[in-house]
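Peer 1: Those protein sequences? They're chains A and B, same order as listed. No gaps in the numbering here: position 211 of the first sequence is 211 in our numbering, and each next residue is one more. No gaps in the numbering here: position 261 of the second sequence is 261 in our numbering, and each next residue is one more.
Calculated from the structure, these hints are not laboratory results. As the structure is a prediction and not an experimental result, all values here were calculated from the model. Hints should not be assumed to be uniformly reliable.
Claimed, not checked - SDA-like cross-link-like pairs, simulated, lysine to any residue; straight-line CA separation at most 25 Å:
| id | chain 1 | residue 1 | chain 2 | residue 2 |
| --- | --- | --- | --- | --- |
| 1 | B | Lys255 | A | Tyr162 |
| 2 | A | Lys15 | B | Lys166 |
| 3 | B | Lys239 | A | Tyr162 |
| 4 | B | Lys239 | A | Glu247 |
| 5 | A | Lys243 | B | Ile237 |
| 6 | B | Lys113 | A | Arg227 |
| 7 | B | Lys166 | A | Pro251 |
| 8 | A | Lys253 | B | Lys166 |
| 9 | A | Lys185 | B | Ser115 |
| 10 | A | Lys2 | B | Ser132 |
| 11 | A | Lys2 | B | Ile143 |
| 12 | A | Lys243 | B | Pro253 |
| 13 | A | Lys335 | A | His220 |
| 14 | B | Lys240 | A | Arg7 |
| 15 | B | Lys142 | B | Pro253 |
| 16 | A | Lys185 | B | Ser132 |
| 17 | B | Lys244 | A | Ile3 |
| 18 | A | Lys243 | B | Lys142 |
| 19 | B | Lys240 | A | Ala195 |
| 20 | B | Lys255 | A | Lys154 |
| 21 | B | Lys166 | A | Ala195 |
| 22 | B | Lys229 | A | Ala195 |
| 23 | B | Lys166 | A | His220 |
| 24 | B | Lys46 | B | Glu35 |
| 25 | A | Lys15 | B | Arg116 |
| 26 | B | Lys58 | B | Val82 |
| 27 | B | Lys240 | A | Tyr252 |
| 28 | A | Lys2 | B | Pro253 |
| 29 | A | Lys154 | A | Leu142 |
| 30 | B | Lys255 | A | Glu247 |
| 31 | B | Lys240 | A | Pro251 |
So you can see what is in the structure, the chains are spelled out below.
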Amino acid sequence: MKIEGKRAIWSEYQKEIADDRYFYVRSCIRQNFFPGSEVAFLRIMREELGKDVYEHPCHTTCSGIGYHGDVVPVETAMTVVARQFALMTEAGYKNYVPSCITSFGLYTEILETWHHFPEVEGKVRKQLKKATGREFEIPENLAHASDVIYKFRKEIGAKAKYKLVNKNTGEPLKVVDHIGCHYSKMFPLKGVGGAEYPYVLAGMIEEWGGQVIDYPERRHCCGFGFRQYLVQANRGFSIACSKQKFESMQPYKPDMIITNCPGCPMFLDRWQYVINEMEGKTYGCNGEGIPVFTYEEVAGLVLGYDPWDLGLQMHQIDCEPLLEKIGYEYDPEKKYEINGTVTKINSHSLLNI
Amino acid sequence: MNKHIVVIGAGVAGMEAAGQLSNAGFNVSLVEKDENTGGHLNGWYKLFPDRRRSSEVKDYLDKLINKDGIKVISGTTIEKLVNINGIFSLETREGTEMTADAVVVATGFDLFKSSRKEEYGYGIYDNVITSSDLEEMFRKDKIVLVDGRVPENVGIVHCVGSRDEKVGNLYCSKLCCITAVKQAIEIRELLPETRVFCFYMDMRMGGAHYEEIYREAQEEWGINFIRGKVSEVSESIRKKLIIKAEDTLAGRPLKMELDMLVLMAGMEMSEGGRILAKSAGLETGENRFFASADNHFGSNISNIPGVFYAGTCTAPMNITETISHARATVSDVLNYFKNRS
């Protein structure tokens, strides 16, 4: 592996990311999967970086999950997206920041389609006006929320209370990054670092002290793949995809996985539990699973946030072994505390416990 | 005849054209960007179809241009080409000016930069090399991996940068299939225990003796030809190359561990040609090579009277075709002056 070769490619895939005044749109599934991540993003942006981030209460799903699940036609998806842009326009913002990778992919695809087929954009404008009376401007800047964190990775690094370093050995943590298929595989120029050697998460890892693992199946789908999971009959294929990745990364002894997409952490996390139940196999060190995090959670950990405020208790694979490795100060007793009340969970069948 | 012709580019086409123009009685200046003449020929060891040493062709061309009527100006490029009342004014990079009664453009081709096909990992993984790199190994009579070991399994990827809409090259580079076959046999000759797998879209064996070599490669050398493109390359923890491809004849995806991967880099219009086209107003085609005045009757003729083309600056061609094309230029130059007088 020649790192200079990768750096040459990375230098060709840099994108413009707005500096401030973001219109932030949440994911329709992340708040169920890992609800602390988007909260952490807002906290980092507003409290740590002092940025203006606006959320609109009328924002809905982008319909991307239905579009990629083959149940929502593209024209419907375009009109829903046009309405989101109208909300941004009405709020007086121009920099659109989706939390979800599939949304980011869908927005990119729609903007590219409108660019090449302006008559389609015209038709969608008419449909939106007729249905809602709304009008919209095209965003001046479209960046995924991870792009924004990547942009400010040095500022976050400067405030870091913890590094992605093993406190006992002093070695950088070995981190698997997974960017999600809809981030740059469809439009490599729209992703930091492109599609083959993406840099958006790798840049964060490097900046915060970790070391990226380059394993053979790093480009492979996490297993979600929409129809792979949403169609119940295909779920064997979904878990097989995830397993292929785990088998491939295991020899590198990764300390953690960092993800970019709503689906990826869900499937890389939950399927480890299922594989353990089915085959009694784990992929981390000492018979443990490999902890899986979102990039916001990792940024929050680096900044020293309470892991339970970040929602790490919502993960199937326990985060505690990693926290110990970093030397994190936290209260394990508060893991299941909700509004001052501790909810006891029977965790015998959970991994790592 | 006392006419002065400037030939731009001293690869195979430029050298042949210069030699034949001199034989026809013209004074010739042969301008070459490199210090040495010969162009891509210098980087090749043996040539298809008969595996003649490239040095033999170079020796022939050197003798052809080593005469009083040909002045070789090396280590410079032509930055400016202007037609003033039928006389061409040329200026080199250093600002040296010269005039010519006619100009032959023989700026050749550049090998496709294989790092642009990022999924193959050229410039990323140590043992991913190009056909040109392999030729260097043949010259040294030694095929080894970066760590000095002998490769046990070698893959060859055809059509790298050719017939590929993603990189903007829709055309076939014509030489890659036969180069792959030649190099696969040469690997087996040097390393009889090494297995070779060629990944192809179509086997385009259109030249004289090509099909026979292709058959020989399969029957005598046991080379495996798999119809399907490699989709991605990665590296295992043991530093082996892991490739994914599709065997379209078997209708199955394929995953394979290799020690070395050789990329058959295609041909593109040279950078020098592109600069010249822009500065002189020479027309180029959709494939970005110089556009000939007529595909059948004027493949050496440009859109500027008095400027002619020779060789691969107009399209991919092999050495045999390049030499024929360069010789044809002389006929068009002679007709040009005949019609003017």
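Peer 1: Evaluate each hint against the coordinates.
Peer 2: Now for the hints, and whether the structure bears them out:
1. B:Lys255 to A:Tyr162: violated (40 Å)
2. A:Lys15 to B:Lys166: Between Lys15 of chain A and Lys166 of chain B the Cα gap is close to 20 Å, so the pair holds against 25 Å.
3. B:Lys239 to A:Tyr162: violated (33 Å)
4. B:Lys239 to A:Glu247: holds (17 Å)
5. A:Lys243 to B:Ile237: holds (18 Å)
6. B:Lys113 to A:Arg227: violated (37 Å)
7. B:Lys166 to A:Pro251: Violated - the C-alpha atoms of Pro251 of chain A and Lys166 of chain B are around 34 Å apart, more than 25 Å.
8. A:Lys253 to B:Lys166: violated (36 Å)
9. A:Lys185 to B:Ser115: Satisfied, since the Cα-Cα distance of roughly 18 Å is no more than 25 Å.
10. A:Lys2 to B:Ser132: holds (20 Å)
11. A:Lys2 to B:Ile143: Judged against 25 Å, a Cα distance of about 21 Å means the pair holds.
12. A:Lys243 to B:Pro253: Satisfied, since the Cα-Cα distance of roughly 18 Å is no more than 25 Å.
13. A:Lys335 to A:His220: Not satisfied, since the Cα-Cα distance of roughly 33 Å exceeds 25 Å.
14. B:Lys240 to A:Arg7: Holds, at roughly 22 Å.
15. B:Lys142 to B:Pro253: This hinted pair is violated, its Cα atoms lying about 33 Å apart.
16. A:Lys185 to B:Ser132: violated (30 Å)
17. B:Lys244 to A:Ile3: Holds - the C-alpha atoms of Ile3 of chain A and Lys244 of chain B are around 22 Å apart, at most 25 Å.
18. A:Lys243 to B:Lys142: Judged against 25 Å, a Cα distance of about 41 Å means the pair is violated.
19. B:Lys240 to A:Ala195: holds (22 Å)
20. B:Lys255 to A:Lys154: violated (39 Å)
21. B:Lys166 to A:Ala195: Holds. Lys166 of chain B to Ala195 of chain A sits at ~14 Å (cutoff 25 Å).
22. B:Lys229 to A:Ala195: holds (18 Å)
23. B:Lys166 to A:His220: Between Lys166 of chain B and His220 of chain A the Cα gap is close to 21 Å, so the pair holds against 25 Å.
24. B:Lys46 to B:Glu35: holds (22 Å)
25. A:Lys15 to B:Arg116: Satisfied, since the Cα-Cα distance of roughly 18 Å is no more than 25 Å.
26. B:Lys58 to B:Val82: violated (32 Å)
27. B:Lys240 to A:Tyr252: holds (14 Å)
28. A:Lys2 to B:Pro253: Between Lys2 of chain A and Pro253 of chain B the Cα gap is close to 28 Å, so the pair fails against 25 Å, i.e. violated.
29. A:Lys154 to A:Leu142: holds (21 Å)
30. B:Lys255 to A:Glu247: Holds. Lys255 of chain B to Glu247 of chain A sits at ~15 Å (cutoff 25 Å).
31. B:Lys240 to A:Pro251: OK: Lys240 of chain B and Pro251 of chain A at ~14 Å, within 25 Å.
Of the numbered hints stated above, those contradicted by the structure are hints 1, 3, 6, 7, 8, 13, 15, 16, 18, 20, 26 and 28, listed in ascending order.
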